[in-house]
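Protein chains in written order, with our numbering: chain A, 1 to 304; chain B, 1 to 357; chain C, 1 to 239.
Hints are computed from structural coordinates only; laboratory data are not their basis. Check before you lean on any hint, since a few could be wrong.
Derived lysine-lysine pairs resembling DSS-like cross-links, with alpha carbons at most 27 Å apart [unchecked claim]:
#1 C:K129 - A:K168
#2 C:K105 - C:K179
#3 C:K105 - C:K89
#4 C:K179 - A:K168
#5 C:K179 - C:K129
#6 C:K5 - C:K211
#7 C:K18 - C:K5
#8 C:K5 - C:K25
#9 C:K89 - A:K168
Examples of chain B residues toward chain A, derived with CB under 10 Å [stated by the list, open to error]:
#10 V59
#11 I95
#12 R96
#13 L122
#14 M263
Okay, the calculated bits of chain A under chain B, using three or more residues with CB under 8 Å as the criterion [unchecked claim]:
#15 58-66
#16 227-239
Bear in mind that the values here come from a model prediction, so they are computed numbers and not experimental data. All residues carry an ideal CB built from backbone N, CA and C; glycine is no exception.
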Amino acid sequence: MAYFIQVLIDAVALGSLYALVALAIGLVFGVMKLINFAQADYLTVGAYSLVIPTAAATPSMMFGGLPWALMIFCVVLSVTVLALITERVAFRPLRNTDPTTLLISSFAVSYFLQSLIIMFHGGRPKSVSIGAALTRPIDIFGLRVGGVQFLTMTVALLLLIVLVLFLKRTSIGIQLRAAAEDFSMARLLGVAANRVIAIAFAISGILGGVISLLFVIQTGTLDIRMGIMPTVYAFFATVIGGIGSLPGAVLGGYIVGILSVFLQAYLPEEMRPFRDAGVFTIVILILLVRPQGLIVTSAAKERV
Amino acid sequence: MRIFERLFPVLALVVPLAGVVWTIDQFGSAGVERVSTEALIRLVFAIGLYIFAGNSGIVSFGHMTFCAIAAYATAWQTCCAMLKPITMSGLPAFIRDNTFPLLPAALTSIGLAGVVAFTSGLILMRLSSLSASISTLALMFILNVIYSNWTTVTMGSSTIVGLPVYVTIWIALGCAALVIVIAYLYQVSRWGLMLRATREDEVAAQASGTSLYWSRLIAFTLSGFVAGLAGVLFAHFMGTVSIANFFLNHTFLIVAMLVIGGMQSLAGAVVGVTFISVVIELFRRAEVGFSVGSMQMSIPAGSQELILAGIMLLILIFRKAGIMGGKELRWPWSVRDDGTVAGVGQVRLARSANCHR
Amino acid sequence: MLEVKQMVAGYGRLTALKGVDITVKEGEVVFVVGPNGAGKSTLLKTISGLMTPTAGEIRFQGDRIDGRGPETLCRRGLALIPEGRHIFKTLTVQENLQVGAMIRKDSADVRSDMEMVLDTFPILRERFKGVAGYLSGGEQQQLAIARSILQRPALLMIDEPSLGLAPLVIDQVYDSLRKLNETGLTLLIVEQSTGRVMELASRIYVLRNGKVVLEGDREELTDTSALDAAYFGFSSDAA
């Protein structure tokens, strides 16, 4: 029972994380029909901004050496700025092209950023330790829970609640949802295209920054590829949730996250390395039953 | 004359390639020959991807899957008879304890890749084009996870060494020419035209009776076979197989080549691969260092990748249809043509073909 | 109020409008009718700024507006309800209306306008917190109109308000359009059929193949045979 609850906490933590990334991807897709591969690199850049660019395997700290609050602020700010730059330089000129071209271009942006990181930091994984104090297990109602898991769950859930409230309650949030559903109509009503798109990218950047920190605290390593898995999972979350649906993205995020944790926990030992393959296979099987995703939107169909 | 005119788009690609290969064979250094052989194999793969992506308008990020499947399959059959029982003990006994002749091994491997493409296509081709694009990525991740961890059969993330190396520049050229012909025959066939029609206007094509699902599935399967051929060629060109070579970096390279050349025509695929192979080789040499007069210069390592991504973005922004702009090379003295581009002409054909049904 | 002069617009190599002149005066209800593919929707899209004309000029309240984006034009009092209504289906009725009123700063006025709109369309008050996607076609059209009114436009353009609605519902929609016009709102309405046009129109344009083939005041066009002839492209003495 205790094991099950630990697994459950893990599942909620990971599910919330994927839901966040999926929401970021879903928002950007909504406002400009772009599935953004570069989200992976927002995560990676956030993590690498903790250390000084060298090829060393245990580099000295850059933002990672700052006091907590300042470190979070700097990391989040730099990722957000990066997200806005990619929008301005690469995606804005392509705004009116088809989704496939946009997808390819984000693939190119992602590769560009990845090569840039390799150029400055080298391609090998590095170890970095922040928030060592948080890794101690804590007791909640007599249950021993990993501190990092608890932190991840709390932060991810909080962020998710804040983001949902922002989207539901604020004027800008409502505009963003309106634009995500029907961009031309939103413009006709005065929603400024540049602004909502920039806000969607800023949200991507902010989430990218925070999540990158959570990942580093969890794993203690920096890796060129660290952003790819969560992002690809988030892609799938948006696809099984129904491309273009924001609630669908959150739902998909939880499905993927929970599947992943439960397979990890309950697969026989020798099968565990194959966990990700299992998750993807199940996801594809869900798509077999519901090719348009769980929540069907008009955006999921090709435009007529 | 008419036949010549019809085949011109193929000949205009194959003949210059053959000319270049002959020149390299005669006068080029071993290094140049190696690089060119690799480029030709990439061309085979790019054309495989083109058969699906170019004709359907759906980019696949997962075709490395089929490449890897064929490469491993041929490795299992042909490599290292002494070591195999130890390093790949999980293989079925008749494969583990025998070494198979090269040609049957190649053919079965290609067949396996095609079968996997067909099976996965049964599911993936049901999806809308964006979801399908992303799901092809999942396919590659599934394969990557399995092959990196299935240690007793694939040696995990270690490299399988000791495959017979038989792919010369001429064999690579022969295969490239073969797949160019296959791709061309496919795209002017009934099924190819139908699929190109769906690319231009999905709703109209469906309304006129085209089965979107089947025409996509056929292209996906065919391109799986061709990607499999590329996998076999890679394996027997390098003499080694490693799962790391069949992942995102290589995928990016090939997609970039297709996009830059122009994804919507066969000529685009050939031009893209050629152009980017030359660019990459130049930058690789520049990274190693070159001398200008008495000065030794070099550009920082990694510039190659940056430049490639940069070119790709610029092309997407300023010339979305790529260098070739979706056109095939056409017989320049044709009287039939009224000045419209080849791609459009073919689509128009496709539409009328549908109307007549 | 609105003057369109020799406007040319299209999609790529396809020219949908080939030199169109249209004038709308303050307080009028102007109808543009024409068969499928005449260029009616393109006309409204271009005026509203969703598309850019390739030639000609558009003046609104005296200023050149062609080439401006829709987010600017709606702030100057130009509103468009596109074909198919385009309400935000995943948003609630309330949120739809909020987005409509977004460009206005006077929150007290917005509140009283909101009340006014909800009085005009009582069904929207009933469904205020509900998701807009569940409204019926007629209710969605009412929501679309209500949302645009909250922009407080000087000129409201509507693309096929009767599309896909039952005759009884069309009555309601036309009724509310008449009331709006009586409060001083200028309307530019596109319809495919000439059937209902006479009830409301102060002036009518017939558009065919991207050109205006007939224009006239209601009084001039009481003989509908000329209108029909122009609509269907018969060569008649009126055309």
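Against the structure, the hints:
Using a Cα cut-off of 27 Å, the hinted pair K129 (chain C) and K168 (chain A) holds, with the two alpha carbons roughly 12 Å apart. As the CA atoms of K105 (chain C) and K179 (chain C) are separated by approximately 26 Å, the hinted pair is consistent with the 27 Å bound. Taking the CA atoms of K105 (chain C) and K89 (chain C), the gap is near 25 Å; set against the 27 Å cutoff, the hint holds. The suggested pairing of K179 (chain C) with K168 (chain A) is violated, with an alpha-carbon distance near 33 Å, which exceeds 27 Å.
For the given pair, K179 (chain C) sits about 26 Å from K129 (chain C) by alpha-carbon distance, which is consistent with the 27 Å threshold. Straight-line distance between C-alpha atoms of K5 (chain C) and K211 (chain C) comes to about 12 Å, which keeps the hinted pair within the 27 Å bound. Distance check on the hinted pair: K18 (chain C) and K5 (chain C) sit about 11 Å apart at the alpha-carbon level, within 27 Å; holds. Restraint check for K5 (chain C) and K25 (chain C): satisfied, since their Cα atoms lie roughly 14 Å apart, inside the 27 Å limit.
As the CA atoms of K89 (chain C) and K168 (chain A) are separated by approximately 14 Å, the hinted pair is consistent with the 27 Å bound. Hint status for V59 (chain B): holds, given a least beta-carbon distance of 6 Å to chain A, under 10 Å. Because the beta carbon of I95 (chain B) sits about 22 Å from the nearest beta carbon in chain A, more than 10 Å, this interface hint is broken. Interface hint status for R96 (chain B): violated, as the beta-carbon distance to the closest one in chain A is roughly 20 Å, over 10 Å.
For L122 (chain B), the shortest C-beta to C-beta distance to chain A is roughly 9 Å, which falls under 10 Å, so the interface hint holds. Hint status for M263 (chain B): holds, given a least beta-carbon distance of 9 Å to chain A, under 10 Å. A count of 0 residues in the stretch 58-66 of chain A with a Cβ less than 8 Å from any Cβ of chain B is obtained; the coverage claim is therefore unmet, three being the minimum. With a cut-off of 8 Å between beta carbons, the stretch 227-239 of chain A has 5 residues touching chain B; three or more are needed, and the interface restraint holds.
In this structure, the earlier hints numbered 4, 11, 12, 15 are contradicted, and the remaining ones agree with it.
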